[in-house]
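> Given next are the chains, with one letter for each unit.
2 protein chains.
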Amino acid sequence: METILKSAKKSVVISSEKPTVLIGERINPTGKKRLAAALVAGNLDIVRQEAEAQVEAGADVLDVNVGAASVDEVDMLPKAVRLVMETVDVPVCIDSADVDALLAALAVHRELAPEGKPLINSVNGEEAHLEQVLPLVAEYKTAVIGPTMDDEGIPDTSEKRLAVARKIVERAEGLGIPREDVVIDCLALTVGADSQAGVVSLGAMRMVREKLGVNLTVGASNISFGLPDREVINWAFLAMAIQNGLNCPIVDAAKVRPAILAADLVMGRDDYAMRYIKAYKKRTK
Amino acid sequence: METILKSAKKSVVISSEKPTVLIGERINPTGKKRLAAALVAGNLDIVRQEAEAQVEAGADVLDVNVGAASVDEVDMLPKAVRLVMETVDVPVCIDSADVDALLAALAVHRELAPEGKPLINSVNGEEAHLEQVLPLVAEYKTAVIGPTMDDEGIPDTSEKRLAVARKIVERAEGLGIPREDVVIDCLALTVGADSQAGVVSLGAMRMVREKLGVNLTVGASNISFGLPDREVINWAFLAMAIQNGLNCPIVDAAKVRPAILAADLVMGRDDYAMRYIKAYKKRTK
Numbered sequence: 283m284e285t286i287l288k289s290a291k292k293s294v295v296i297s298s299e300k301p302t303v304l305i306g307e308r309i310n311p312t313g314k315k316r317l318a319a320a321l322v323a324g325n326l327d328i329v330r331q332e333a334e335a336q337v338e339a340g341a342d343v344l345d346v347n348v349g350a351a352s353v354d355e356v357d358m359l360p361k362a363v364r365l366v367m368e369t370v371d372v373p374v375c376i377d378s379a380d381v382d383a384l385l386a387a388l389a390v391h392r393e394l395a396p397e398g399k400p401l402i403n404s405v406n407g408e409e410a411h412l413e414q415v416l417p418l419v420a421e422y423k424t425a426v427i428g429p430t431m432d433d434e435g436i437p438d439t440s441e442k443r444l445a446v447a448r449k450i451v452e453r454a455e456g457l458g459i460p461r462e463d464v465v466i467d468c469l470a471l472t473v474g475a476d477s478q479a480g481v482v483s484l485g486a487m488r489m490v491r492e493k494l495g496v497n498l499t500v501g502a503s504n505i506s507f508g509l510p511d512r513e514v515i516n517w518a519f520l521a522m523a524i525q526n527g528l529n530c531p532i533v534d535a536a537k538v539r540p541a542i543l544a545a546d547l548v549m550g551r552d553d554y555a556m557r558y559i560k561a562y563k564k565r566t567k
Numbered sequence: 283m284e285t286i287l288k289s290a291k292k293s294v295v296i297s298s299e300k301p302t303v304l305i306g307e308r309i310n311p312t313g314k315k316r317l318a319a320a321l322v323a324g325n326l327d328i329v330r331q332e333a334e335a336q337v338e339a340g341a342d343v344l345d346v347n348v349g350a351a352s353v354d355e356v357d358m359l360p361k362a363v364r365l366v367m368e369t370v371d372v373p374v375c376i377d378s379a380d381v382d383a384l385l386a387a388l389a390v391h392r393e394l395a396p397e398g399k400p401l402i403n404s405v406n407g408e409e410a411h412l413e414q415v416l417p418l419v420a421e422y423k424t425a426v427i428g429p430t431m432d433d434e435g436i437p438d439t440s441e442k443r444l445a446v447a448r449k450i451v452e453r454a455e456g457l458g459i460p461r462e463d464v465v466i467d468c469l470a471l472t473v474g475a476d477s478q479a480g481v482v483s484l485g486a487m488r489m490v491r492e493k494l495g496v497n498l499t500v501g502a503s504n505i506s507f508g509l510p511d512r513e514v515i516n517w518a519f520l521a522m523a524i525q526n527g528l529n530c531p532i533v534d535a536a537k538v539r540p541a542i543l544a545a546d547l548v549m550g551r552d553d554y555a556m557r558y559i560k561a562y563k564k565r566t567k
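Those protein sequences? They're chains B and A, same order as listed. So in this note's numbering, spot 63 of the first sequence is number 345, and the numbers just go up one at a time. So in this note's numbering, spot 88 of the second sequence is number 370, and the numbers just go up one at a time.
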């Protein structure tokens, strides 16, 4: 199953037959005081810098999120999306819980890339959310991320997360959104608080991939929240998740690209290790 | 299913319910000129140093192999096993293709640890090998590693490797060796030469674990032979393999222990990340 994202100049294909697609996570003020303060002040310089740095580090798609206290997302999200689209060529993932902000950003996207197709992050399994966001996805013919949570929160078993994923996919199909445009996020919570957090998420990925066939994303770094030496944990989780069908994680490309290239190599998606060796040479020259 | 190894003073339990057991690979002259030369000269100082260093680095079991050109294994293997057993407390894995050397080393093991139980590395699916080695395993009540290769070589599909594993397990059981004392090695070849090498090995692990229930080892570093930045590839492969049931890889503990602790943590085998955090503190203090 292929999810195709498009900017004005570039297409990215998410498919289990192809190498893993990296969605850059760094344009997001959560936990980043400097970016949050700049956004409150209406200053987008950091957004431009992060856009360039992430693409240089190997990000294939950029998540754009401006949600922070005192930020007017309806004003700032379209501005940030415009700046990212004018700075780099990769497709964008428009990330907001505010439907008006999504709408304003989608208008900018349509203006700058009339034939483009962004990813919307996200529509979860909450009834109100499905009713608000899915019609936008249908109208603007975007792809959309569906995190496996509903009105009762994040389920604590793989089976229940599969059930939420199924609900999102079915509701989307009911509105004429093709299944391949729904990318499911099985969600990773920290193993520091719940030793089963990884197993539940990984199990859900395997089931969703097997039963629904859709492509999978996850915000991988949550798995190690609160723990030391986080990258080692993130790398292990990503390798296992990629084995289970994860193919477009939301990550810090500069930190995890070597591990993801290695996982693709082990999974048989890099003949003669050409991508792996090329990235190694670039990193060490 | 539990494989229990014993030295004179220590038991190690290999089980998918427990953290991964690390079998230290460094007492092996393959590719190590200095060790090979020392063994030819009858000098075992490096063996002692490697035994201490590996246990310090977190190895739970030590593989002991003295096979190199011009080394008399029947003389040197029992000496090396004796030295390792006198230097450190962990169980040993007696590693030789020479049956007389295995016999001589087993006699030493019985002398120093009458109640002990070593691992023998290995008996593969070749007819002659099964006939020679399995009776020793039965007589000395050891555990044994079974690499999935037979008279036709190393099969190129997961299904065929499962078939060889089944043959080894059945032949062992026919001699009264309990199934839990057979540890299967699904073998890793380099992905640099064959892009499917990882997929075939990982698939075999999942099948052997599911169909035969036995514990699994692998010499993990082969996966990255000939490639740069090998540890990143080895880490990715180990994480995926541990997810598929690998629970006692043969590794360089100093290089891969952080990745294996992370994989155990993600797999839900390290409550509150206590082992992971403890090892991190030791490494960085």
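These aren't lab readings, by the way, just hints derived from the structure by calculation. Some clues are possibly wrong.
[To be verified] Quick look at which bits of chain A chain B covers, simulated, 3 or more residues with Cβ under 8 Å:
#, region
1, 343 to 351
2, 469 to 477
3, 487 to 500
4, 550 to 558
[Unchecked claim] Short, incomplete list of chain A residues facing chain B, as computed with Cβ under 7 Å:
#, residue
5, Tyr422
6, Val514
7, Ala521
8, Pro540
Cβ coordinates follow ideal geometry from the N, Cα and C atoms, glycine included.
> Against this structure, judge whether each hint is valid.
Hints versus structure:
1. Remark: the region 343 to 351 of chain A is not confirmed as covered by chain B, as 0 of its residues place a Cβ nearer than 8 Å to a Cβ of that chain, below the required three.
2. Under the rule that three or more residues need a Cβ within less than 8 Å of chain B, the assignment of the region 469 to 477 of chain A holds, with 3 such residues.
3. Coverage of a stretch by a chain is defined here by at least three residues with a beta carbon nearer than 8 Å to that chain's beta carbons; for the region 487 to 500 of chain A and chain B the count is 0, and the condition is violated.
4. Figure legend: the region 550 to 558 of chain A, annotated as covered by chain B; annotation consistent (7 residues with Cβ-Cβ distances under 8 Å, at least 3 required).
5. The criterion of a C-beta within 7 Å of any C-beta in chain B is not met by Tyr422(A), whose closest approach is roughly 37 Å, and the hint is violated.
6. Taking 7 Å as the C-beta cut-off, the interface hint given for Val514(A) holds, the closest approach to chain B being about 5 Å.
7. With a cut of 7 Å, the hint placing Ala521(A) at the interface with chain B holds, because the nearest CB-to-CB distance is about 4 Å.
8. Checking Pro540(A) against chain B by beta carbon gives a least distance of about 5 Å; that is within 7 Å, so the hint holds.
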